[in-house]
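J.: I would like the entire structure built from these sequences, with the hints used as guidance.
Anchor point for the sequence shown: position 21 equals 21 in the working numbering, and the numbering is continuous, going up by one each time.
Please keep in mind that the hints were generated in silico from the structure rather than gathered at the bench. You can take every hint at face value.
Listed next, with one range per pair, are the computed distances between beta-carbon atoms:
#, residue 1, residue 2, range
1, Glu78, Leu100, 28 to 38 angstroms
2, Pro126, Leu100, 17 to 27 angstroms
3, Ala174, Pro205, 14 to 24 angstroms
4, Gln148, Thr193, 32 to 42 angstroms
5, Trp241, Arg204, 18 to 28 angstroms
6, Pro125, Arg173, 25 to 35 angstroms
7, Glu78, Gly175, 38 to 48 angstroms
8, Leu250, Gly178, 16 to 26 angstroms
9, Arg173, Ser52, 46 to 56 angstroms
10, Glu197, Glu229, 10 to 20 angstroms
11, Arg173, Gln104, 19 to 29 angstroms
12, Ser71, Lys225, 40 to 50 angstroms
13, Leu172, Pro49, 44 to 54 angstroms
Glycine included, every Cβ here is placed at the ideal spot set by N, Cα and C.
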Amino acid sequence: MTQPVPRLSVPAAVALGSAALGAAFVTGVFLGRRWPPWRWRRQQRLLPPEDSPLWQYLLSRSVREHPALRSLRLLTLEQPHGDSMLTSEQAQLLANLVRLVKAQKALDLGTFTGYCALALALALPPAGRVVTCEVDAGPPALGRPLWQQVSEPKIDLRLRPALETLGELETLRAGEAGTFDVAVVDADKENCTAYYERCLQLLRPGGVLAIPRVLWQGEVLQPQKGDKEAECVRTLNERIWRDARVHISLLPLGDGLTLAFKI
1 MTQPVPRLSV PAAVALGSAA LGAAFVTGVF LGRRWPPWRW RRQQRLLPPE
51 DSPLWQYLLS RSVREHPALR SLRLLTLEQP HGDSMLTSEQ AQLLANLVRL
101 VKAQKALDLG TFTGYCALAL ALALPPAGRV VTCEVDAGPP ALGRPLWQQV
151 SEPKIDLRLR PALETLGELE TLRAGEAGTF DVAVVDADKE NCTAYYERCL
201 QLLRPGGVLA IPRVLWQGEV LQPQKGDKEA ECVRTLNERI WRDARVHISL
251 LPLGDGLTLA FKI
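T.: Encoded structure:
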């Protein structure tokens, strides 16, 4: 009997033409037509509930989660705000994109326990490198023992504000502008537009920029007065949609996942 695959709460393979992404897209469209307006259901998931037989089937025939990644995901879910991390299917999609573009270098803004950084590191070749940024040393310390099991040498943790690290990487001394293959922006939303612009400078042409939680539980439709984070996400979504420097897809995975491919 197939065991259900645990699904990460809140906030795959479009790169490889997987049916999983197609199923997720169709489901998102279906829910958008069937359910009442966003403002009446802010706290509901965009995708089927985790106990949906169809969703469990989709995950069981798609997700291949490394044991260390699974352990780290379950550990992270026990932490405050742990359900804001990437879902397992989002992480697998990004890992497949890393393989598809033959990435050597990746950026990860918002380390937390390092689930995303570890997923990227596992997909990179032996000489690959993930520069990951976090301001709080506590969560990465929880994840580091699991990094050490499989991929710690690839993970370059920078414990300071992400904008400082991005600025340092852009300098002539560092010489890393235009050299990164993949960037994931999952840090504070109030600076998300600045992160987007700085990451574009660091990405090479053809590089992939991924931004999770871009639907903000539906609040992007009509942000409540004073909800600065929702306003920032909405502003970023508009900016990316109008940005001629990238090709984009906004996918209904987790709480929304934007992929921007630098031209």
